[in-house]
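Q: Sequence:
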Amino acid sequence: MKSGLAKNFVLGATAWLALLPAVFQAGDFTSPEGSYETNFGALILKVSGNKVSGSYSHDNGRIEGTWEGNRLVGKWSEAPTYKPPHDAGEFEFVFPKDFKSFAGRWRYGFGGKEWSGDWHGTRTAAAMEEMVSGDWNSSFGMMSLKQSGNKISGTYTNQNGKIDGVLQGNIIKGTWFQAPSYKPPNDAGDFMFVLSADRNSFSGKYRWGFGGEEWAGNWTGTKTGSAGYVMVEGEYLTTYGKETFKLTLKQSGSKITGSYEHDSGRLEGTVEGSEIRGRWYEAPTYKPPKDAGEFRFVFSQDLQSFTGKWHYGFEEKEWRRDWNGKKVQ
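Take 3 as the starting number for the sequence shown in my numbering and just add one per residue.
Source of the hints: derived by calculation from the structure; they are not laboratory data.
Computed from a predicted model, the values in this text were never measured in an experiment.
Check each hint, because a few of them may be wrong.
Capping the alpha-carbon separation at 27 Å, the derived lysine-lysine pairs in BS3-like fashion look like this [as the list claims (entries may be wrong)]: (1) K319 / K292; (2) K77 / K115; (3) K244 / K329; (4) K85 / K48; (5) K252 / K311; (6) K48 / K175; (7) K289 / K311; (8) K77 / K48; (9) K102 / K153; (10) K244 / K319; (11) K85 / K115; (12) K175 / K164; (13) K102 / K148.
Label pairs and their in silico Cβ distance ranges [what the hints assert, rightly or not]: (14) K175 / T246: 38 to 44 Å; (15) T157 / G111: 46 to 52 Å; (16) E263 / T309: 16 to 22 Å; (17) K99 / R322: 47 to 53 Å; (18) S205 / E320: 36 to 42 Å; (19) F212 / D265: 52 to 58 Å; (20) T157 / T124: 30 to 36 Å; (21) M144 / K289: 38 to 44 Å; (22) L239 / E274: 22 to 28 Å; (23) S183 / E317: 52 to 58 Å; (24) V300 / G111: 43 to 49 Å; (25) G315 / T246: 22 to 28 Å; (26) K175 / G143: 17 to 23 Å; (27) G143 / F212: 19 to 25 Å.
Where is the CB? At the ideal position from N, CA and C, for every residue including glycine.
Please model the entire structure based on the sequences and the hints provided.
A: Following this line, the structure appears as structure tokens:
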């Protein structure tokens, strides 16, 4: 936060909140993910659950934060050292309901009370291209979507399917077509997808033919990562031997961390395709041979459940026990 920027300019809370737009329009975004032009250069934000990471052009900066309501709070760091007192600190962004801008503030170092200056930004048009385009693991196979403005087109593996639609806010409405005829009544119809706030998943419906009132079934999907991994963050009700308990997974890229109720357990692993492999640890020692070991979860196509195995220690090759789960949130 250096150079010729106004590092000593301090905004009062009332003043910087007043910068937020008051009018929300149709076609609003539903999460902070995207590209922004800011007073510290171009900023790109990525969302994974309630975790947000990003990079900005000023001094090769980067940020990490947590999404809370309409606020993003976290830490920034910059070249050359990426450390306090001069190259790292804290920030706070507040977004309006349409996510088209933010007003915020920043300070040097961690844990201070005074803010050093303002940090504000406006979403760029290029961000629209990033929101839906990509590969999705869906109820009807892998689906590849391309976004151009508010127009959506794509293909999916079931019966060499194709879709065309329009994005309005967080809803995509359109038509699907698939082999062999690509025509109604059996090979074409309407669909509707409702995107999650972080745009990493959707819940939807489809029907046979065009213009009807009844939906025929559900169509859900989860966006895969750039390296081909799926997004599995959430809460699961799991069975582990004869016990049933809650498991919470957090995801950052392909890396997974988690916690579960049994013996204050925790785990860490890596996503590869639709599978997680890693290690688990439990009280009291969190060490092998009895309080740590390895696990493997294989997720269903809709990513709403998994079947898994586990064993004690880090040397054993055979999977001896089941660990299955179903997503609850």
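Q: Would you mind marking each hint as holding or not holding in the structure?
A: A quick look at each hint next to the structure:
no. : hint                    : verdict
1   : K319 / K292             : 16 Å, holds
2   : K77 / K115              : 14 Å, holds
3   : K244 / K329             : 19 Å, holds
4   : K85 / K48               : 22 Å, holds
5   : K252 / K311             : 19 Å, holds
6   : K48 / K175              : 25 Å, holds
7   : K289 / K311             : 19 Å, holds
8   : K77 / K48               : 15 Å, holds
9   : K102 / K153             : 19 Å, holds
10  : K244 / K319             : 23 Å, holds
11  : K85 / K115              : 19 Å, holds
12  : K175 / K164             : 14 Å, holds
13  : K102 / K148             : 21 Å, holds
14  : K175 / T246: 38 to 44 Å : 39 Å, holds
15  : T157 / G111: 46 to 52 Å : 50 Å, holds
16  : E263 / T309: 16 to 22 Å : 20 Å, holds
17  : K99 / R322: 47 to 53 Å  : 51 Å, holds
18  : S205 / E320: 36 to 42 Å : 38 Å, holds
19  : F212 / D265: 52 to 58 Å : 55 Å, holds
20  : T157 / T124: 30 to 36 Å : 34 Å, holds
21  : M144 / K289: 38 to 44 Å : 40 Å, holds
22  : L239 / E274: 22 to 28 Å : 24 Å, holds
23  : S183 / E317: 52 to 58 Å : 56 Å, holds
24  : V300 / G111: 43 to 49 Å : 45 Å, holds
25  : G315 / T246: 22 to 28 Å : 24 Å, holds
26  : K175 / G143: 17 to 23 Å : 21 Å, holds
27  : G143 / F212: 19 to 25 Å : 22 Å, holds
Of the hints listed earlier, there is not a single one the structure fails to meet.
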